[in-house]
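Engineer: Each chain is listed here by its residues.
Number of protein chains: 2
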Amino acid sequence: MFNNSTYSQIIQDRLKQVDFPEQPDNLYDPLRYILSLAGKRIRPQLVLMGAELFEPRTMKDAISASLAVEYFHNFSLIHDDIMDNAPLRRGKPTVHQKWNDNVAILSGDALLVKAYEQLCLSPVEKIAPLLQVFNKTALEVCEGQQLDMDFEERSQVSEVEYIDMIRLKTSVLLGGALQMGAIIAGTSLENQQLLYDFGVNLGIAFQLQDDILDVYGDPKTFGKQVGGDILANKKTILFIKLKELASEEDKQLLTELLTHDIDKEPQKVEKMKALYAKYDIPSLAIYQKEKFTAVAYEKLEAIPCPKASKQSLFNLANALMHRAQ
Amino acid sequence: MFNNSTYSQIIQDRLKQVDFPEQPDNLYDPLRYILSLAGKRIRPQLVLMGAELFEPRTMKDAISASLAVEYFHNFSLIHDDIMDNAPLRRGKPTVHQKWNDNVAILSGDALLVKAYEQLCLSPVEKIAPLLQVFNKTALEVCEGQQLDMDFEERSQVSEVEYIDMIRLKTSVLLGGALQMGAIIAGTSLENQQLLYDFGVNLGIAFQLQDDILDVYGDPKTFGKQVGGDILANKKTILFIKLKELASEEDKQLLTELLTHDIDKEPQKVEKMKALYAKYDIPSLAIYQKEKFTAVAYEKLEAIPCPKASKQSLFNLANALMHRAQ
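In order, the protein sequence lines correspond to chains A and B.
Under the working numbering, the residue at position 253 of the first sequence is numbered 253, and the numbers go up by one with no gaps.
Under the working numbering, the residue at position 139 of the second sequence is numbered 139, and the numbers go up by one with no gaps.
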């Protein structure tokens, strides 16, 4: 997995300086806790990379916005974990599990406010344009999470709807983080847009790849249980494509498979994979993934900066799209 | 109850223009719903009044900040109602009751972001100082809510702790709203502070009065069930004072009374009132309320503006502190 030690170090150093109040401990301990869980810190790195790309001297001005993005991401994890009833996050108990739902709701709220507080430490003339991107992105992330929950209740979800959901839920924050860096560097709206589009398309491609690896990944290197999405009846790009293309007979088979859990149907993963294979679903999903990856690279190439200064972003994209895990 | 029709009209007109997206409806319908429940809109009025006091021509510049404060207040109601498991708000089902907890968490989050979005529509040179007050206030409100929940679990809470909790949970938002108006009017930090202090002290006095009226209010005019706090074993200023002053024997009686609900002890309210009377608790609480009221008036009087321009704030304070409901 991508990790550029220069950026990580800057973020880690700044996080160490963070000094939340001691009291009320039920409000601030959960924030210390979630921020201490070693995430990959991809999103705050993107803010720094966006600034460095256009004006390396502005990178230090981007640290607060970088932290704001990390806070926002962790706020959304705390609240999403309540909604998804998730027991673990990064291998540790989630906030609502370790404390309770009320603590998780309220400390999440406080972390969102803390994100805005950090953002306001940016150079004063950049605060208004940064907030515009941040607010838009934050609302879209909420919309994506709501759509994701809505889709779980719906029997029919189209491919277009699914891709739009993952764009909102996960990808706009990558694009927004990069754009915020670009804003701090003082580049043109056109360049901001190119960099934003790079991030959003890369994010969609990454999410599609995640769906694919969940079924076809190497169990040795894939972080999660291979086949986990199938066992959880998750609506992934593979599932949605299959439902769209399956014959009436196979739709029947699919419906039946969904009602059985692994105890009743030990071959659930294998049977689903057989259906996927019959309709060439993996190829179709890979095609989609590659389409979004290609657009991401095109956008990055179109940015009028020396190739060398774009290298770390190319490295990031390569690392994300060629991971086996 | 205080209601100045000029300010209300401005706020109502602006709320009517609000245009949340149609989709996802589970995210935005709850926001349309909670904002349509006719609240008193005291807080957004305070923003307008704060601006008008120092520079009447800036009142129109304060409308966005005024809406931001109303959004923030409603966000906190949505989330607090989940935490308090409250079925009703303003006589209608709460958001988590009408939809579900997940919808309430996420639509609350979206409304907080919308509050920031509104705030950012303020005159650009005021955005940074407005955000500073808004962020500080928002965090304090979270702290107050956490303390309130913590106190429910604790056996001992001091008067000082209780007053600090109500200051954070309810009063700083009144002070903050007024200060935000003052910032938009462009007045000095000293004047901002005086107006802020007026709001905070008035808020504390109002909350103490609420505790008193809950036991001694006129059932005909008090909006809630008289004695409701006693029946719910709520830690109010009266309860905390009693616990502090009661003899060992009466403490025993009190502890016993707390374990009984109304079915087991139909005289619960009367017995508690007898204990309050024995230790002269109502007078002590009224003394505290009047102390904070007096400070509020002093602060307002100290603001170097013509008496006439302060009239609407005096009217507000009088209306709040002499209500029978």
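Honestly, the hints are just simulated from the structure, not real lab data.
Be a bit skeptical, because a hint or two may be false.
For chains that are exact copies, the list does not tell them apart, and a pair is met inside one copy or across any two.
In silico EDC-like pairs for lysine to aspartate or glutamate, Cα to Cα no more than 20 Å straight-line [as the list claims (entries may be wrong)]:
hint	residue 1	residue 2
1	Lys-243	Glu-152
2	Lys-268	Asp-218
3	Lys-98	Asp-150
4	Lys-136	Glu-22
5	Lys-251	Glu-55
6	Lys-98	Glu-153
7	Lys-136	Glu-117
8	Lys-92	Glu-244
9	Lys-126	Glu-159
10	Lys-299	Asp-261
11	Lys-136	Asp-13
12	Lys-136	Asp-25
13	Lys-234	Asp-29
14	Lys-224	Glu-248
All values derive from a computational prediction rather than experimental measurement.
Engineer: So, for every hint listed, does it hold in this structure?
Structural biologist: These are the hints, each one checked on the structure:
1. Lys-243 / Glu-152: within (15 Å within a copy, 51 Å between copies)
2. Lys-268 / Asp-218: So Lys-268 and Asp-218 pass the 20 Å test inside one copy only (18 Å; across, 67 Å).
3. Lys-98 / Asp-150: Only across copies: Lys-98 and Asp-150 sit 16 Å apart there, 27 Å inside one copy, limit 20 Å.
4. Lys-136 / Glu-22: Between copies only: 16 Å across chains, 32 Å inside a chain, cut-off 20 Å.
5. Lys-251 / Glu-55: neither (54 Å within a copy, 69 Å between copies)
6. Lys-98 / Glu-153: This pair counts as between: shortest inter-copy Cα distance 17 Å, intra-copy 28 Å.
7. Lys-136 / Glu-117: both (17 Å within a copy, 8 Å between copies)
8. Lys-92 / Glu-244: Answer is neither; intra-copy 37 Å and inter-copy 42 Å both fail.
9. Lys-126 / Glu-159: Neither, since 38 Å and 44 Å both go past 20 Å.
10. Lys-299 / Asp-261: neither (43 Å within a copy, 67 Å between copies)
11. Lys-136 / Asp-13: Answer is neither; intra-copy 28 Å and inter-copy 24 Å both fail.
12. Lys-136 / Asp-25: between (31 Å within a copy, 18 Å between copies)
13. Lys-234 / Asp-29: Cα proximity of Lys-234 and Asp-29: none, with 33 Å in one copy and 26 Å across.
14. Lys-224 / Glu-248: neither (32 Å within a copy, 59 Å between copies)
The structure does not agree with the numbered hints 5, 8, 9, 10, 11, 13 and 14 stated previously, though it agrees with the rest.
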